[in-house]
Structure formats: C-alpha cells, structure tokens
Amino acid sequence: MTGTYLGMPAFPEAAREAVRDEVLRANLRHATHTIRDKRARAVAELADWDRLRAAGKAVKDHTLRHLDRYLLQLEAAVTAAGGTVHWAADADEANRIVTELVLATGEREVVKVKSMATQEIGLNEALEAAGIAAYETDLAELIVQLGHDRPSHILVPAIHRNRAEIRDIFRAEMGSWGRPAPEPLGDDPRELAEAARLHLREKFLRAKVAVSGANFMVAETGTMVVLESEGNGRMCLTLPETLISVVGIEKTVPTFRDLEIFLQTLPRSSTAERMNPYTTMWTGTTAGDGPAAFHLVLLDNGRSDTLADETGRQALRCIRCSACLNVCPVYERAGGHAYGSVYPGPIGAVLSPQLRGTGSAIDASLPYASTLCGACYEVCPVAIDIPEVLVHLRERVVQGGPVTRDGVRVTLRPADGHTAERAAMRAARLLLDHPGALRAGERLLARARRLAPRRLPGAGRAWTDSRELPTVPAESFRDWWARERSTPR
Amino acid sequence: MRAALFVTCVNDALYPRTGIAVVRLLERLGVAVDFPAAQSCCGQPQYNTGYRYEAEPLVRRTARAFAGHEYVVTPSGSCAAMIREHYPRIGRKAAEEGRGGELAEAAASLAPRVYELTEFLVDVLGVTDVGAYFPHTVTYHPSCHGLRGLGLGDRPRRLLAAVKGLDLVDLPGAEECCGFGGTFAVKNPDVSTAMGADKIRAAAGTGAQVLCGADNSCLAHLDGLLRRADSPLRALHLAEILAATEEEPLP
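Chains A and B are the protein sequences, given in the same order.
For the first sequence, this note's numbering begins at -1 and goes up steadily by one.
For the second sequence, this note's numbering begins at 6 and goes up steadily by one.
Chain A with its partners taken away, still in its complex shape:
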C-alpha cells in the first residue's frame, strides 16, 4: 500500500496517543454512536435483512471463487462498450498507468471522486510527483486533503474533526488550492458546506480529467457503479472529457441483477439511509454524453494473494460500508490513524496484514487490535467473520505458516519479538496439561498470597499500571472440592 504509512508505530503505541486525546475521543464517540444507532434502526426496517446478508455473502463468495472468469468477462464487456481496460499488479504499476494516461491528455490537474483504492495506492502523491494536482471533491476527503491530514474512517474520512476544526482548516487552506473560503465563515454545517460547494464548483467546471474508484463492477454488462451522498462524484463522473477508474478486482459482481442486494445493504449499513442520494452507473462511453474516453485500471495489489488463503479471503467480500468501524469499541477509542492504513477498524485489521503482509511492526500488531468481541461480525452486511480471520492472522504472526506472496506459496517463520510470550504460553500449557502440577502451583500461589505485590514487573505491569490484581484465595476450587465433596459427607 502507500508509503505514507511506512514506519508507523505498532498499534498499541499509536492507540495510546489517541486514547489520551480528549477532543478526538469525544469526536469519535459522538460520531460512531450516532451512526451506529441510526444503522440499527435502518436495518431493523427490513424484514428480510438476514436473507439479504446471506445473499450478499453468497454472491461475493461465488464471484471470488470464479474471479478469473468474471474479470475476463468484465474486460470484454468494458472493451465492447468503448472503454479501455488496464491490469495493475501492484500500487506502482497502477500509479504509473494513471499518471501516463493523465499526461497523455496534456492536462496537469484532475478531480477525484472519493475512492479507497486510490488512497490505498497513494495515487495523489504519485500524481503530485509527476507534476499533476489531484483535487479531492468529496467533502470529507477535501477536509482531510486541505488539512494535510490522513483519512481516519472509510466512509467519514474526517470523522476525527469537529466543526470548529473544519472551519479553521477551510479558512487557512482553501485559498492556496483555489477559491478561498468566504469571509466571515462560521462553523454552522450549512455555511461550511456552502464554502466547500463554491470552492469545488470552480474545479468541476474546469477539469478535463477525473479519477474515480467504483463500488461495484458488473461483469456481464461492463457497468461501473458509484454510490455517494453529495453528488460531487457525479459531477466528476459526467463533466470531464476523460474518466479513469481504479478499482480493486474484488469489486466484481456477475450480473446486473446482483446489484439489487447491495443497493439495499450498502446504504443502510454505511450511512443508515434506505437509499443513497446518488447512484451513478456508466458502461463504457456514449457519444455526446459524459466522458469521451473511459479507462478502467483493475487493481490487484495483494488481492490475488489474499484470495489464495481460504480463511482470510472472506475479507475480500468487504463492500467498504464501515459498519464494523462504527460499532468497534477499539476503533472508538483508538481512532482510525492508529491502524496505519487507509483501511482502519476491524476490517482494516484483517485486510491490511493480508494485502501488505505481516512483515512490519504495525501489520504484525493489527491482528491483536481487537478484543474479539464480535460486534463487527454481527453488523457486517456480507457476514465477514472478522474475529475468525483475526485469530487466523494471529496464528500467522506467532506460529508462521504457509502464505502466498506475489503468487508464490511460501512458508512464513514466526515473527520476531514473541519469544518471551511463546515461552510463557508453552510453560502455561505444560502446567495446565498436568493437573497435579497445576494443583501444586495453585497451593504455592495461595501460600504466597500475603506477599502478592500491588504492581507487577515486566509484561504484568501493563495490567497493574491501571488495575488491581485479583485477590488470591486461600484455597483453590480443586482443593475445596477435595476437602468438601470427594470424601463422603
């Protein structure tokens, strides 16, 4: 993924900062609780939600199992409709393709539809390096871009910002990117939205090239689908002369009819709306209507490797609704930046270590960034068993095992830095697998109970820094039973 996140500290350290930031925690708590309650109400309206969820899972699983076939069908359909398909194995290749396509138009600026795939590959940075300015047009992405910040939520990238912060960013930064913010500017949402509208309108009317992602790609017709709330995306998708869409290969669905499921489950899961305000669909090009040139960049970037893992591949069902973020108690406290990826929250914790591998400190720590409480699984509209994948990836980190990297099956060695933990787990297992020794250990503990320290050294400090230890009883249950019940009463 993008180099922006290289060198991120492991999750526990990154989260520590966020937990201490009272403003951030208040912003996150307010936003996630509001949206999770609304989502629950929107979902409860549908009597057939469980069936929609099962259907979405089934369609995605089927597509992933036959992805090679559907991608070729998609390529043929897009080409027949006047589009051009490009295949990108990784971020660098995708960035190079897009950069060359933009340069070929002679333009030096592009407008962008909110897209996770282009964030994932760091496209804006790559374009900037080639002298091309990329303007985000989604309101929240605009706030993040103007604030020289990183997105901290899949759907609400500026979730960590409150109104006053957004006003300050607009006033300080809009002028250097285009039309300045109107003066005076208050922090009323209506005023802020109007400032963004004026700033962006100038760009929509000028831009000749647009870059987007897509929520879905229909293999049978070659149709691209973008769901949005603001209509800014539709401006980008219809006004410019050239449209370049960078889309992860897993976004494919076989038939147009399959959209029926996801056009119900995605809006309700993400924005808690019955239907999103704007759904834009296009198939190749149409003379005299919309962009004259359409390019589709099919992005792999670790997806084929993920697909090779039978347990982990379910993460590719993800439709990026972010319901899992909004219910996650860990995300709520740690914030999106702590996950060191454009995919934060529970889904990020299973997606990033698969797309990028578990080699870095942050990626090796992400499978542990969860209490396995299961709230994410419960709300997932395509039933990704995130806790199961988390445990599976934990095994990969501490035990090693077979994985596919760049299409080659390799065996990972256990990650460094778990030596003490591994020894402790082994010692605990030895003790627990010998009830006689366990009983002796419990008696030893009981005898030493008066000596129990209030604070532990080493790894135990992580507990005792903030919590008291349980009081050691005078007698274990085992001994009580032996005394009270195994002899006839």
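Hints in this document: simulated from the structure, not taken from any laboratory.
Where hints are given, some of them may not hold.
Just a sample of chain B residues kept apart from chain A, beta carbon distances all over 10 Å, derived [to be verified]:
#1 L19
#2 G73
#3 V132
#4 D134
#5 E180
#6 G184
#7 K192
#8 V196
#9 Q214
#10 V215
#11 R233
#12 R239
#13 P256
Across the chosen pairs, the derived CB separations fall in these ranges [claimed, not checked]:
#14 B:R206 <-> A:A290: 36 to 46 Å
#15 B:R206 <-> A:E376: 21 to 31 Å
#16 A:D46 <-> B:P256: 49 to 59 Å
#17 B:P237 <-> A:S174: 39 to 49 Å
#18 A:D185 <-> B:D175: 34 to 44 Å
#19 A:R411 <-> B:A166: 47 to 57 Å
#20 A:E126 <-> B:R206: 42 to 52 Å
#21 A:D90 <-> B:D175: 47 to 57 Å
Note that the Cβ used here is the ideal one computed from N, Cα and C, for glycine as well.
Since chain A is already given, all that's left is putting chain B on it; use the hints.
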C-alpha cells in the same frame, strides 16, 4: 440428574467462590455434581493469542476429562464458546494439516454436551426462579462471548429478575465490550483500560451496588479497575448471586 462441572482455570485458581456457588446452586436444584479432576484450562488464552498448537493438548485433555458426562456445565460464557465454536475449528485444522481426525472427533463429541450455566438452568432444568435471595440493586454486564458467541439472550437477566429482593437496573451500553479480551488487556493496555473505565462509569451511573457478570475474566478486569478507583461498586459473578438464599446469604 447428574452434571459435570467445568470450573475453568481462572475460577479454579482465582475465583473458587464461583465454583462453590455453582455446586451449591445445582445441588439445591436437585442436580448431582461431578468434578472430574483431570480437567484444566480450555485453551482459550493460547488459541485466541494465535498459539493454536499449544491449545491442542488442552482440547484433547478437556474432551477426555468429560468423555463420560451427558451434561457439562461451566460458569463462563467465553470458555463455553471456546469449546462450542472453536474446538471444531481446531480439530478441522489439525486434520487438514495431516495430524489425523482425533481432535475433530473429540471436539464433535464434547461441543454439544457443554452448557454455559444460564443455558443449563433455563434450557435444561427449565427454571428461571432458582429460589435465590439477594436484597441489593444489581446491574448486569453481558460478556461478549456469552452474548454474541453463545447467544445467551435474556437468560441471565431473567434469572436475575426472579431473585427475591433483587432490584435489577439496566446498564447503558450493556452490549459493548468491557475491554478485557484475554491477552488484549496487556497487549493493548491503554485501549483496554479506556473501555473498562467507560464500562464502570456506566455501571456506577445506574446507582447499582453490584455489577454482575457471568465471566470472571471480564469481571477481574472490571473489578481491578473498580478497586483501583476505590469505587463502592462491587463486581460479582452471577452464580454467587443465584446461590445466595435467605438461609445462606452471600458472605
């Protein structure tokens, strides 16, 4: 009726009172209780931290220890969920990795016989009023593995509501995780503590005297935070409340 008690390693070593309460409660309800001494830990700490191979001998041990018992009762939602949900996966993985079908068979045999305490009381014994007496204001935290893993639903609350003298008050945000999460509590101590702090704040806000749960590992975390904060709120396992009677009140 006979039932075997799977007391769990945490309860055995640190919370024997919970195990004793289960024995007294079940015996009071006419159930003869066995305690197979070969039992130990279910392997959850190892498995959830990624050490699946270290969990395997404990899966084998647990299955063997309870081989002859029709009902296995445990006062821990997370240990019950470990056996019911994850033992089959551990068995399947072992078979896939060429270590034979023995673990899968052991898991398949044990899993359907294991009951979390409130399931056993409500579903098997068919009681919600267990004749308990506990004249205090109580709020209940449903631990995640019981709530979402086992689908315990309102069983614990129905049992509590039937306790004589007990005033049950709603816990705001009850379904949110307390932040314990096994090794999460020490691997991510800051987030864990922040979650637990919110939980005990919500519990204290109810005006309850007792924060009740059905998993002592979660309660160890919450109780640790309550005691560090010198809170008057007391963390207590559901079994201890259900075992208390007018004749033998909770000490």
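Status of the hints after comparison with the structure:
no.: 1; hint: L19; result: violated, 5 Å
no.: 2; hint: G73; result: holds, 17 Å
no.: 3; hint: V132; result: holds, 23 Å
no.: 4; hint: D134; result: holds, 26 Å
no.: 5; hint: E180; result: violated, 8 Å
no.: 6; hint: G184; result: violated, 6 Å
no.: 7; hint: K192; result: violated, 5 Å
no.: 8; hint: V196; result: violated, 5 Å
no.: 9; hint: Q214; result: holds, 19 Å
no.: 10; hint: V215; result: holds, 17 Å
no.: 11; hint: R233; result: violated, 5 Å
no.: 12; hint: R239; result: holds, 13 Å
no.: 13; hint: P256; result: holds, 13 Å
no.: 14; hint: B:R206 <-> A:A290: 36 to 46 Å; result: violated, 59 Å
no.: 15; hint: B:R206 <-> A:E376: 21 to 31 Å; result: holds, 24 Å
no.: 16; hint: A:D46 <-> B:P256: 49 to 59 Å; result: holds, 52 Å
no.: 17; hint: B:P237 <-> A:S174: 39 to 49 Å; result: violated, 56 Å
no.: 18; hint: A:D185 <-> B:D175: 34 to 44 Å; result: holds, 35 Å
no.: 19; hint: A:R411 <-> B:A166: 47 to 57 Å; result: holds, 53 Å
no.: 20; hint: A:E126 <-> B:R206: 42 to 52 Å; result: holds, 45 Å
no.: 21; hint: A:D90 <-> B:D175: 47 to 57 Å; result: holds, 54 Å
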